[in-house]
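Enquirer: The lines below spell out each chain.
Number of protein chains: 4
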Amino acid sequence: MIIVMGSGATEQQIDSIVKKIKEAGLDANISRGTERTVIGAIGDERKLEAEYFEALPGVEQAMHVVKPYKIVGREWHKQDSVIDIKGIPLGGKQVQIIAGPCSVETPEQMALAAQAVHATGCRLMRGGAFKPRTSPYAFQGHGAEGLAMFREAAKKYNLPIVTELMDARQIDTFLEYDVDVIQIGTRNMQNFDLLKEVGRTNKPVILKRGMSATIAEWLMSAEYIAAGGNHNIIFCERGIRTFETYYRNVLDVTAIPVLKKETHLPVIVDPSHAGGKAWMVPALSRAAIAAGADGLLVEMHPNPCEAWCDADQALNAGELKDLVGSLSLIAQAVGREI
Amino acid sequence: MIIVMGSGATEQQIDSIVKKIKEAGLDANISRGTERTVIGAIGDERKLEAEYFEALPGVEQAMHVVKPYKIVGREWHKQDSVIDIKGIPLGGKQVQIIAGPCSVETPEQMALAAQAVHATGCRLMRGGAFKPRTSPYAFQGHGAEGLAMFREAAKKYNLPIVTELMDARQIDTFLEYDVDVIQIGTRNMQNFDLLKEVGRTNKPVILKRGMSATIAEWLMSAEYIAAGGNHNIIFCERGIRTFETYYRNVLDVTAIPVLKKETHLPVIVDPSHAGGKAWMVPALSRAAIAAGADGLLVEMHPNPCEAWCDADQALNAGELKDLVGSLSLIAQAVGREI
Amino acid sequence: MIIVMGSGATEQQIDSIVKKIKEAGLDANISRGTERTVIGAIGDERKLEAEYFEALPGVEQAMHVVKPYKIVGREWHKQDSVIDIKGIPLGGKQVQIIAGPCSVETPEQMALAAQAVHATGCRLMRGGAFKPRTSPYAFQGHGAEGLAMFREAAKKYNLPIVTELMDARQIDTFLEYDVDVIQIGTRNMQNFDLLKEVGRTNKPVILKRGMSATIAEWLMSAEYIAAGGNHNIIFCERGIRTFETYYRNVLDVTAIPVLKKETHLPVIVDPSHAGGKAWMVPALSRAAIAAGADGLLVEMHPNPCEAWCDADQALNAGELKDLVGSLSLIAQAVGREI
Amino acid sequence: MIIVMGSGATEQQIDSIVKKIKEAGLDANISRGTERTVIGAIGDERKLEAEYFEALPGVEQAMHVVKPYKIVGREWHKQDSVIDIKGIPLGGKQVQIIAGPCSVETPEQMALAAQAVHATGCRLMRGGAFKPRTSPYAFQGHGAEGLAMFREAAKKYNLPIVTELMDARQIDTFLEYDVDVIQIGTRNMQNFDLLKEVGRTNKPVILKRGMSATIAEWLMSAEYIAAGGNHNIIFCERGIRTFETYYRNVLDVTAIPVLKKETHLPVIVDPSHAGGKAWMVPALSRAAIAAGADGLLVEMHPNPCEAWCDADQALNAGELKDLVGSLSLIAQAVGREI
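Residue numbers (the numbering used here), protein chains in the order written: chain A, 385 to 722; chain H, 385 to 722; chain D, 385 to 722; chain W, 385 to 722.
Keep in mind the hints are simulated off the structure, nothing from the lab.
For glycine and all other residues, C-beta sits at the position ideal for the given N, C-alpha and C.
One or more hints might be untrue.
Calculated lysine-lysine pairs in the DSSO-like style (CA-CA distance at most 30 Å, straight line) [as the list claims (entries may be wrong)]:
| # | chain 1 | residue 1 | chain 2 | residue 2 |
| --- | --- | --- | --- | --- |
| 1 | D | K705 | A | K645 |
| 2 | W | K477 | W | K462 |
| 3 | D | K462 | D | K587 |
| 4 | D | K451 | D | K404 |
| 5 | W | K431 | A | K451 |
| 6 | H | K587 | A | K580 |
| 7 | D | K644 | A | K705 |
| 8 | D | K705 | D | K477 |
| 9 | W | K454 | W | K470 |
| 10 | D | K705 | A | K477 |
| 11 | D | K587 | W | K644 |
| 12 | H | K451 | D | K539 |
Each pair of labels, with its calculated beta carbon distance range [what the hints assert, rightly or not]:
| # | chain 1 | residue 1 | chain 2 | residue 2 | range |
| --- | --- | --- | --- | --- | --- |
| 13 | H | W663 | W | D562 | 22 to 30 Å |
| 14 | H | E721 | A | D411 | 51 to 59 Å |
| 15 | D | D706 | W | E560 | 53 to 61 Å |
| 16 | W | K454 | A | T394 | 21 to 29 Å |
| 17 | D | D706 | A | T394 | 31 to 39 Å |
| 18 | H | G527 | A | D562 | 39 to 47 Å |
| 19 | A | K540 | D | D411 | 52 to 60 Å |
| 20 | H | E721 | W | D411 | 57 to 65 Å |
| 21 | W | T629 | H | P491 | 45 to 53 Å |
| 22 | D | D706 | A | E419 | 15 to 23 Å |
With the hints as constraints, model all of the structure from the sequences given.
Expert: Shown next, in the form of structure tokens:
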């Protein structure tokens, strides 16, 4: 940790900081500049909190120089992690496209959706049974009954299922229906009790980025899951909130190479929630794969105009098929395959 | 709801929209402009979803014209609501300052804190037993044991206690320790299952604004609580996330008059988390009261330099006393009292 | 234009709005909903200002339904515009990579840079003679002398030159040195007098997006140039400002398909300023081309470590060559060529 | 400057950095931590650019520890600067309210406006002759003719005039009409050539904050003016751009105490452009004065409903009078007067 003293800091204040550092079991290096004195804390600085030092008299700023995350960091685990989802690899050479409807509506809809996902060559299916809706008066999802419908529809094509967990109290239900991949939604990225709970399972977890979460906060949320023992974590970039009002969110493609540098875990992209409109999905999907994403989470509905939620962002079966075709060429261009 | 058709929309597409509106039990008004046709849906438009219409062929944009919230909206409830907290009114003429440490640390610290809160004339006390921390390796709070310490310390001065609930599974513990005001933190503003849970109690709830939540989303989160039957809701502005890096968050004072216009419920401000530095707290507190806030949630620690978390943002007892004094004049200037 | 009346609007207020609309030469359509009355203004609504109506008693909100831009809009000009830059097409099948250093430093540096740009097969060259620097104490560019150096170096390989204009008073100097493409930088996107000035020339103009400009504002800035008579406009996305601090800006790839929908003019991307680090450039460049960009503006320096500004974001000649190679495959995947 | 080396940095890379620091005439301090080596550059670090070091092999991050601004910084000029505007002090005990219309429209409007400004006890008047409008088709202001009308109207009451300069080529016209305070608008905060130009005059300058400018960038823009010799600079916070769509901008009150700490120059607030609605102005004005602002820049129009621009944000004469009355109490509460 580096502690920058204010321009008027006294010798006594400097001594007092050094003493605090030594009390925590670290060593101190003092660098006296022309206008500022800088103190370096040498040792395991993860024990120190910047806020603690910033509250002490004479201190202008305190900064960590080492990464606060360990298990998920590439610094300690150089090679890419490949997550195994019922035999399907995520994070390796093969790019995975996880498709399916926003919400589980009826057995018929799910049967048609599963058929289309399978027919386009996608190997995993998504669908929501518990839905985080902005309004309490909107459809909240079918809940456990929805999981049953989803499980049933996916079984026919042997598609592993991905679905969102919103509440720690539902985790037993998820295990009972043998959900293959647990999704943590954007609004729960910092629901720490929920993260701890999925950290206790061994299920692959898709961790969506919070609407205005920094890369550092996102990595720390993954560290929560990893610290519980579950290292099967997949990051999912889904657009961030900005001042722009033309589209729902701004897909942050820069996050892809940055995460690839900071963590060994796979990174996928949700182009449907990012843009919020079906017509934006192909361009955003291509950009994501070109930038190095390991997969996509795409909304597809057998009949988008009749979808119960987010109707305007789902592709239909034909559009999904066309998309997969075009992505295949992009994947090849970056040395991957679909 | 207003539905704007694209410039090339056909008569058939317009007819189809009108049909959908009528199927939902509403009436349609068609306004043919020079370049665009606009369709108005007449009736209870809360039944309609904008996304649904935006997915239909020929539609450029669909917008609600009525507010999506009902119970919390001032449109249906003109006079200010005053929340009663063990006899202390929040939302009336008297401005309430809720002070206390970021986290419950020790019985001694809590005893000193309670004494200082009482001595400065504050009528409610805050303190965290369950702490949402960015890092899994940071102090997570004392949990139920912390609630016990807090209860014990506050009892002596008859101070109602305010503390954060992070997980629906802890609600019984909160009721057991008779927490007076349940705080929903910024990271849980859209944890809808948690909101539903506090909606089932009759405890006053402080609903902090999400880090990048719009006013509309915030009101809808309150509507979740209200829809469950609990109308004792207090909004708490605590700063929003922006591009600025000098301070932790940007205190959004504009939210105060805007909420006062949109809702009948009280609005308080947390100047400590907004700025992130103790020296910013007085100016921000004065701005909040001057803009019409009904109260403040301020961090105070008997010995800030030794605080276990957010040490750099807590006031000490003397600073709190000075602050209350200066706020008293501001309150008078806007026709309130402290 | 749509004017939504507040819930308590009186008949008199509604009449008054209708009168104002008719005074402006438009017609009015009144739609009386259950909770709100909506008035549509029929005719050329570009004559009306939303702010004007929002100030009138009883009005809740006023919104345009037609696009405020005409010349640059695709609604009135369906096919793609291809800009001719000394015989090199921008906006057609061929993707153009404009490379060169951040700033013109010395004749030797420019000679090496021009050679490298040419050797990698790029057909246009960039370089800054007038530099917008955050600090008054930083190198401000060589000015006119820099233009001379740039012109000289580019002549050998017949490379058209792209350089930034910061001040309307310099436009004669730009014409004198026959600058081929005038760049309007991010800080000047809404320097309306400068836009009017380049609108009077017939030089191709690269219009960079303002750091926090919306798509709509950006299109209106282009409309300023176009309204002056110069339709040779190229949009350049260069990253927007957000809360994320890991990278300088967030490259907004969604802007690419959105601009392609809204305007007939070409769209290029500056991956160097977006990410701010040379190692991010390849991934961002690939994403941009995959999303449909017509070209790139890339920083390349013969010796990045010695660059006088933005040293950390320039590629060297070898890296540029590798990048062009990898982009060629991406371009093919989307039916383009480099 | 502090240079943090990456975890795998070699001795040779460290030596090379030290050599570069010494070549620049500074000294180096090496602090070898458990996981990172940190190098401190000792001497006048303003000569060094962080980007230059971040481009060198082995470097993870480079950071300045001293402030990049000198003349405007409080570190070198402890006491508050009071700007003299034709005998009226800005920055002292007296809070100044600068009122007037958004744009100069007609001699009659200006006469009525000047009368109202004077009658409410305001000592300075604002009005725009050159208007930065998002659309090229909107009213662009009366230009020099508008300055003449403004001068004429203000003369009667001896009100110093404040008006916006958009283009360096107009500066002689401004001097000719003896404009008392030159306003640099939000879109020109980083129009560096314009800043240099006003730096060459001795006229007081109101420097509005860029829509998404950081405090540090804003201070550096002021430093541009100061470096030219003109130290009569007044900062004007006018709201920043965020994700919130309910109001035009978010008034950043935190900027007030922060600027007061960082600079000795006065800080005023524009509550009209911040919120964008007249009804928000009183609350925002009170918040600004309570937070320590030295003045306000308020839009007032003799007949807001007929204003040619920003009609919805102007107060009328009566509202201005009421506002000044209520602000008087707030000013007293913070030891100031109006």
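Enquirer: Check each numbered hint against the structure and report the violated ones by number, ascending.
Expert: 11, 12, 13, 17, 18, 22
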